[in-house]
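Asker: Protein chains in written order, with UniProt numbering: chain V, 1 to 533; chain R, 1 to 400.
Source of the hints: derived by calculation from the structure; they are not laboratory data. Hints are supplied without guarantee of correctness; some may be wrong.
Keeping only pairs whose Cα atoms sit at most 30 angstroms apart, straight-line, the calculated DSSO-like set for lysine-lysine is [unchecked claim]:
(1) V/517 / V/368
(2) R/77 / V/363
(3) R/277 / V/239
(4) R/329 / R/295
(5) R/295 / R/366
(6) R/136 / V/508
(7) R/112 / R/295
(8) R/278 / V/239
(9) V/517 / R/295
(10) R/102 / R/112
(11) V/239 / V/308
(12) V/308 / R/138
(13) V/368 / R/295
(14) V/308 / R/277
(15) R/112 / V/308
(16) R/278 / R/295
(17) V/508 / R/329
(18) R/102 / R/54
(19) R/77 / R/136
(20) V/368 / R/366
(21) V/363 / R/45
(22) V/239 / R/280
(23) V/517 / R/138
(24) V/239 / R/54
(25) R/77 / V/55
(26) R/112 / R/366
(27) R/77 / R/102
(28) V/508 / V/368
(29) R/45 / R/112
(30) R/366 / R/389
(31) R/54 / R/138
(32) V/363 / R/278
(33) R/45 / R/102
(34) R/45 / V/508
(35) R/112 / R/278
The model shown is predicted, which means the values in this text are computed figures rather than measured ones.
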Amino acid sequence: MATSHPVGHVQLPRADAIRSRLIDTFSLIEHLQGLSQAVPRHTIREIVDPSRQKKVMLGDQHQLVRFSIKPRHTGQITHGRRLMSRLRVRCSQRPPLSLWAGWVLECPLFTNFIIFLIFLNTIVLMVEIELLESSNTKLWSLKLTLEVAAWFILLIFILEILLMWISSFFLFWKNAWNVFDFVVTILSLLPEVVVLVGVTGQSVWLQLLRICRVLRSLKLFARFRQIRVIILALVRALKSMTFLLMLLLIFFYIFAVTGVYFFEDYTRSTRQDLEYPMFFSDLLNSLVTVFILFTMDHWYALLQDIWKVPEVSRAFSSIYVILWLLLGSIIFRNIIVAMMVTNFQNIRNELNEEITHLEVQHKADIFKRQIIQRRQNLSPEVMRSSISKVDTRDPNQQRKSLVLPAAFEEESKHSADEEGSRTSALKIEEFSSKMKKSPSSSSSSSSYSSSSSYYSSSSESRHLDPIGQLDWETHVHQNLPGLMEMDQDDRVVWPRDSLFRYFELLEKLQYNLEERKRLQQFAVQALMNFEDK
Amino acid sequence: MSQQFHYQNDTRVISSSLLDNSSAEFCARFRKFQRRDTQCQAFVKRVIMSRLFKIIMISTVSLNAFFVVLWTDYNTKYNLFRLFEVSELIFVSIYSSEFCMKLYVDPINYWKDGYNLLDVIIIVTIFIPYGLHRFKGKHYPYLNIADGMQSLRILKLITYSRGIRTLITAVGQTAYIVASVLILFFVLMFIFAILGFCLFGTPDRGDLNNWGNLAVAFFTLFSLATVDGWTDLQEQLDNRNLALSRTFTIIFILLATFIFLSMFVGVMIIHTEASFKKFKLDLMAERHMALMGEKQVILRRQQEEVSRLMQMQKNADYKSFSELVENFKRTLQHTDPMVLDDFGTSLPFIDVYLSTLDNQDATIYKLQELYYEIAHVLSLMLEDLPQKKRSQTSENSEET
Numbered sequence: 001m002a003t004s005h006p007v008g009h010v011q012l013p014r015a016d017a018i019r020s021r022l023i024d025t026f027s028l029i030e031h032l033q034g035l036s037q038a039v040p041r042h043t044i045r046e047i048v049d050p051s052r053q054k055k056v057m058l059g060d061q062h063q064l065v066r067f068s069i070k071p072r073h074t075g076q077i078t079h080g081r082r083l084m085s086r087l088r089v090r091c092s093q094r095p096p097l098s099l100w101a102g103w104v105l106e107c108p109l110f111t112n113f114i115i116f117l118i119f120l121n122t123i124v125l126m127v128e129i130e131l132l133e134s135s136n137t138k139l140w141s142l143k144l145t146l147e148v149a150a151w152f153i154l155l156i157f158i159l160e161i162l163l164m165w166i167s168s169f170f171l172f173w174k175n176a177w178n179v180f181d182f183v184v185t186i187l188s189l190l191p192e193v194v195v196l197v198g199v200t201g202q203s204v205w206l207q208l209l210r211i212c213r214v215l216r217s218l219k220l221f222a223r224f225r226q227i228r229v230i231i232l233a234l235v236r237a238l239k240s241m242t243f244l245l246m247l248l249l250i251f252f253y254i255f256a257v258t259g260v261y262f263f264e265d266y267t268r269s270t271r272q273d274l275e276y277p278m279f280f281s282d283l284l285n286s287l288v289t290v291f292i293l294f295t296m297d298h299w300y301a302l303l304q305d306i307w308k309v310p311e312v313s314r315a316f317s318s319i320y321v322i323l324w325l326l327l328g329s330i331i332f333r334n335i336i337v338a339m340m341v342t343n344f345q346n347i348r349n350e351l352n353e354e355i356t357h358l359e360v361q362h363k364a365d366i367f368k369r370q371i372i373q374r375r376q377n378l379s380p381e382v383m384r385s386s387i388s389k390v391d392t393r394d395p396n397q398q399r400k401s402l403v404l405p406a407a408f409e410e411e412s413k414h415s416a417d418e419e420g421s422r423t424s425a426l427k428i429e430e431f432s433s434k435m436k437k438s439p440s441s442s443s444s445s446s447s448y449s450s451s452s453s454y455y456s457s458s459s460e461s462r463h464l465d466p467i468g469q470l471d472w473e474t475h476v477h478q479n480l481p482g483l484m485e486m487d488q489d490d491r492v493v494w495p496r497d498s499l500f501r502y503f504e505l506l507e508k509l510q511y512n513l514e515e516r517k518r519l520q521q522f523a524v525q526a527l528m529n530f531e532d533k
Numbered sequence: 001m002s003q004q005f006h007y008q009n010d011t012r013v014i015s016s017s018l019l020d021n022s023s024a025e026f027c028a029r030f031r032k033f034q035r036r037d038t039q040c041q042a043f044v045k046r047v048i049m050s051r052l053f054k055i056i057m058i059s060t061v062s063l064n065a066f067f068v069v070l071w072t073d074y075n076t077k078y079n080l081f082r083l084f085e086v087s088e089l090i091f092v093s094i095y096s097s098e099f100c101m102k103l104y105v106d107p108i109n110y111w112k113d114g115y116n117l118l119d120v121i122i123i124v125t126i127f128i129p130y131g132l133h134r135f136k137g138k139h140y141p142y143l144n145i146a147d148g149m150q151s152l153r154i155l156k157l158i159t160y161s162r163g164i165r166t167l168i169t170a171v172g173q174t175a176y177i178v179a180s181v182l183i184l185f186f187v188l189m190f191i192f193a194i195l196g197f198c199l200f201g202t203p204d205r206g207d208l209n210n211w212g213n214l215a216v217a218f219f220t221l222f223s224l225a226t227v228d229g230w231t232d233l234q235e236q237l238d239n240r241n242l243a244l245s246r247t248f249t250i251i252f253i254l255l256a257t258f259i260f261l262s263m264f265v266g267v268m269i270i271h272t273e274a275s276f277k278k279f280k281l282d283l284m285a286e287r288h289m290a291l292m293g294e295k296q297v298i299l300r301r302q303q304e305e306v307s308r309l310m311q312m313q314k315n316a317d318y319k320s321f322s323e324l325v326e327n328f329k330r331t332l333q334h335t336d337p338m339v340l341d342d343f344g345t346s347l348p349f350i351d352v353y354l355s356t357l358d359n360q361d362a363t364i365y366k367l368q369e370l371y372y373e374i375a376h377v378l379s380l381m382l383e384d385l386p387q388k389k390r391s392q393t394s395e396n397s398e399e400t
C-alpha cells in the first residue's frame with residue numbers, strides 16, 4: 001500500500017487494524033463504490049423494541065438491519081421454551097399437550113414424588129424378601145399390600161415414561177439417562193408380564209422377577225446431580241482410554257496364543273503332580289491364565305509348576321512370564337492409572353467451567369471498579385479545572401448524554417487528546433451507571449481546545465501508586481482477557497461522526513506513540529554520546 | 001628430519017583430501033541419482049496410499065489373526081488342514097508383496113519409519129518356521145515356539161489405526177523414564193540377590209531351592225517384589241531358622257513394592273500430565289496461528305481494496321486515506337446513533353487504554369526530569385574539571 005502513505009512511512013499493524021475496524025463499521029468500501037444502499041442503517045434493537053419498531057415501520061420498510069452477534073453464555077434452553085417460540089404453538093388456540101407434560105416433569109413436586117417412590121420401592125422389596133420364606137398366615141395381608149405397592153410403583157414409572165414420550169419423543173432417546181430408565185423399567189416389567197401371561201411354575205422367572213425389581217433402584221442414579229457427575233466423569237475417562245484398552249486387548253491376544261503354543265508340552269505332559277495342567281490347554285483357558293498373570297496371582301507357583309516338566313525350556317517360559325508381568329501388570333496398569341488421573345483432572349476442570357467463568361467475571365467486575373475509582377481519585381483537580389473551562393463554553397451542553405463530544409481538535413501533542421477524552425470520559429463514567437442505554441441526544445459539538453494549563457495541572461495528579469503488589473501494566477494484562485469476555489451487554493451508543501473521529505484519532509495516536517518512542521531513543525543516544533571534551 | 005616429518009604429514013593430508021574429494025563426489029552423484037521409472041513409482045505409490053489397499057490389508061490381518069486362533073485347536077487344524085495351508089500361502093504372499101511394493105517406492109526412507117521396521121520383523125518371524133523346518137528337521141523341540149510367535153502378526157494392525165499410533169507416540173515418550181526406573185529396580189534386585197545368596201543360599205544350611213544360584217535368587221526376589229506368595233517363601237526360610245530372614249524380607253518388600261513401584265506410578269502420572277498439557281498447548285497455539293493468519297488475509301484484502309479504490313478515482317488525486325473519505329465524512333450526522341457492543345469502542349477499554357497511556361506519560365516525564373538532572377550534574381562536573389586539567393596540561397607541557 002505504498003501509494004496510500006507518504007514516503008518513509010512506517011506501517012504499524014495496530015494502526016492498520018484500527019483502520020480496518022473503521023472500514024468495517026462504516027462499510028466504507030461499499031460507500032466508496034457507490035453502493036450506499038447495501039449498507040445497513042438499523043440495528044436489531046430497533047426491530048425488537050416495540051416503540052422503535054413502530055417508528056421504523058412507518059418509514060421506508062425496505063431497509064437493511066445490522067446484526068451483531070456476540071457469543072454469550074446462556075443457560076440451558078429447555079424444550080418447553082423452544083416450543084413456546086414456535087409459530088405453530090403461538091398461533092394455536094390451546095397449548096399442546098407436550099407443554100403440559102414438560103411442565104409436569106419439571107415440577108419439583110413430581111420429581112420429589114418419583115424419588116420418594118424409588119426409595120419406597122427399595123424398602124418394599126427388602127421387606128418382601130424377608131417375608132418370602134415365612135408362611136405365617138397373619139402376614140398375608142401385609143404381603144398383599146406389599147405386592148399392590150410394588151405394582152402401583154411400577155405403574156407410576158410407566159406413566160412417567162409415557163409423560164416423557166408425550167413431551168418429546170425424539171429427544172427422549174437422545175438423552176442417555178432416559179434410555180437407561182427405559183431399559184430398567186422394561187426389564188423389570190418383562191418377568192411380571194410373563195408371569196401374568198401364564199408361563200407359571202418355573203422358579204427361574206420368579207427369581208428374575210426379584211432381580212429386576214431390584215434394578216428399579218438403579219433409577220436413583222439419574223436423579224441426583226452428584227451421582228450423575230461422577231458417572232459422567234467415569235464414562236468420559238473410559239472413553240478417552242478406548243485406544244489404550246484396545247492395545248491391551250491386542251497384547252492379551254498375543255500372549256494368549258503364544259502361551260498355547262509355548263506350553264504345549266506342559267499341557268500334554270503325563271506327570272501326575274502338576275497343579276495347573278489345564279491352564280494352557282486351549283485358547284479360552286489360556287486367555288484366563290493370561291488374565292490371572294495380569295493380576296499377578298500365584299504366578300511364581302505357576303512358573304515353578306511349569307519348570308517341573310523337563311521338555312519345556314526354562315528360558316523361554318521364564319522370559320514369557322517375566323515379560324508379560326513387566327509389560328502387562330507393571331507398565332500397563334500404571335499407564336492406565338496415569339491416564340485416569342489426568343482425565344479426571346481435566347474433566348473436573350471442565351465441569352467446573354461454569355464456576356471458573358463466574359470467577360473470571362467477578363474479577364473483571366472488580367477490575368472495572370478499580371478503573372473507575374482510579375479515574376476519580378486521579379483527577380479531581382483536572383475535573384475542577386475542566387469544569388471551570390467547560391462553564392465558559394457552550395452553555396447548552398447537556399450533561400445527560402453519555403456519548404463523547406463530537407470533535408477533538410487535532411493536536412500535535414497527543415497528550416491533549418488524552419486530556420480531552422479523559423475528561424469527557426470521566427463525565428461519561430459519572431452518568432454511565434444511571435443511564436446506560438438511553439439514546440444520544442444533542443451533545444454540543446464543542447471542542448476542547450488544549451492548553452498547557454491542562455498539562456501542568458494534571459502533572460501533579462500523576463502520582464500513581466500501584467495496585468497491591470503489581471504495577472499497573474501487569475495488572476491490566478492479567479485482567480484484560482476477563483474484561484473482554486464479560487457477559488454484560490455493554491452497548492454504547494455513539495453518534496456517527498464522533499465514532500468516525502474516534503477511530504481516526506486512535507489511528508493517529510498510534511503513529512504519534514511510535515514517533516515518541518523514536519524520539520525517546522534519540523534522547524537516550526544523545527545522552528550516551530555525551531562526553532567531556 | 002623435521003622436513004621428512006612434514007613431508008609425511010603432507011602426503012597424509014593430500015591422501016586424506018583425495019579420499020574426501022572422491023567420497024564427496026560419490027555422495028553428490030548418489031544424491032543426484034534419479035530414478036528412471038518415475039511413472040511406475042508414482043503408480044505404485046498411489047496404490048499403496050489408496051483406501052482400498054488399506055481396507056484389504058486390515059481385513060487380511062484380521063482374518064489371519066482369526067485363523068491363528070483357530071489353529072490352536074488340534075481338531076480344527078486336523079479337519080480344515082487344506083484351507084489353512086492355502087490361506088497361509090495367500091497371507092504370506094500378501095505380506096511379502098506389500099513389503100516389496102513399499103520398498104520399491106522409497107528404498108532409502110523406508111527404513112526410517114518405525115512401523116516399516118515392525119513389518120520387516122514380522123516378515124522375518126513368519127519365515128522362521130519354514131527355515132527351522134528345512135534346516136533343523138521336523139522334530140526340533142523349539143518348533144512350537146516359532147509357531148507361537150505367529151501371533152505377532154496382529155501387530156500389523158497398529159499401522160492402520162491412527163488412534164493407537166498417537167497413543168503409542170504419547171506413551172513412547174515415557175519409555176526413557178520407564179527404562180531408567182527399571183534399570184534402577186534391576187540394580188536394587190541385584191544387590192539384594194547377592195546379599196540373599198550369601199545369607200540364605202549356603203549349601204549346608206541354606207534354602208537351595210530358592211536362593212541356590214543367582215537366577216533363582218532373582219526370581220525369588222521378583223516374587224517378593226510383586227508380593228505374590230511371599231509368605232510361603234518366608235515360611236521356608238523360617239523353617240530353617242536362618243538369621244535375619246524376616247528383616248531382610250520385610251526391608252526388601254518395603255523398598256521394592258511400596259517405594260519403587262509407587263514411584264513408578266507417580267513418575268508416569270507426572271509425565272502423562274506433562275505430555276497432555278503440551279499436546280493441548282500445541283493445539284491451542286496451532287489454532288491461534290491459523291486464526292491470526294486468517295485475520296491477516298482479511299486485513300490485506302481490505303487494504304488492497306482501498307488502494308484500488310484510490311487508484312481508480314479519476315477526478316482527483318487522493319494523497320491519503322482521509323481525503324478519500326472526506327465526502328463520506330460530510331454525510332455523517334451527529335444525531336445518528338450507532339450502537340456498538342464490541343470491546344474496542346466500549347468505555348472500559350477507553351478508560352484502561354488512556355490510564356495506561358497516562359502512566360507511560362508519567363514515566364517519560366519523570367525520565368525526562370532525570371535526564372535534565374543528569375545533564376545538569378555532568379555539566380557541573382565539566383565546569384569543575386577544566387581547572388585541574390589546565391594545571392595538568394601545563395605540567396605535561398613543561399615536561400616534554
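Asker: Below or equal to 30 angstroms on CA atoms is what counts here, so check residue 102 of chain R against residue 54 of chain R.
Answerer: holds (13 angstroms)
Asker: Straight-line Cα separation of residue 112 of chain R and residue 278 of chain R no greater than 30 angstroms?
Answerer: holds (25 angstroms)
Asker: Does residue 366 of chain R lie within 30 angstroms of residue 295 of chain R when you go C-alpha to C-alpha?
Answerer: violated (39 angstroms)
Asker: Does the alpha-carbon distance linking residue 239 of chain V and residue 308 of chain V stay inside the 30 angstroms limit?
Answerer: This hinted pair is violated, its Cα atoms lying about 44 angstroms apart.
Asker: Are the Cα atoms of residue 112 of chain R and residue 308 of chain V separated by 30 angstroms or less?
Answerer: violated (45 angstroms)
Asker: Is the straight-line distance between the alpha-carbon of residue 102 of chain R and that of residue 112 of chain R 30 angstroms or less?
Answerer: Given pair residue 102 of chain R, residue 112 of chain R holds - Cα atoms ~12 angstroms apart, limit 30 angstroms.
Asker: Residue 112 of chain R and residue 295 of chain R: Cα distance at most 30 angstroms?
Answerer: Violated. Residue 112 of chain R to residue 295 of chain R sits at ~38 angstroms, over the 30 angstroms cutoff.
Asker: Taking only the CA atoms, is the gap from residue 278 of chain R to residue 239 of chain V under or equal to 30 angstroms?
Answerer: Distance of about 21 angstroms is within 30 angstroms: holds.
Asker: Given the hinted pair residue 277 of chain R and residue 239 of chain V, is their Cα-Cα distance within 30 angstroms?
Answerer: Holds: residue 277 of chain R and residue 239 of chain V sit about 19 angstroms apart, inside 30 angstroms.
Asker: For the pair we were handed, residue 77 of chain R and residue 363 of chain V, check the Cα-Cα distance against 30 angstroms.
Answerer: violated (73 angstroms)
Asker: Does residue 368 of chain V pair with residue 295 of chain R here, judged by a C-alpha cut-off of 30 angstroms?
Answerer: At roughly 29 angstroms apart (the allowed maximum being 30 angstroms), residue 295 of chain R and residue 368 of chain V satisfy the hint.
Asker: Do the alpha carbons of residue 239 of chain V and residue 54 of chain R lie within 30 angstroms of each other, as the hint requires?
Answerer: holds (26 angstroms)
Hints 2, 5, 6, 7, 11, 14, 15, 21, 23, 25, 26, 27, 30, 31 and 34, counting from the list given before, are not met by this structure.
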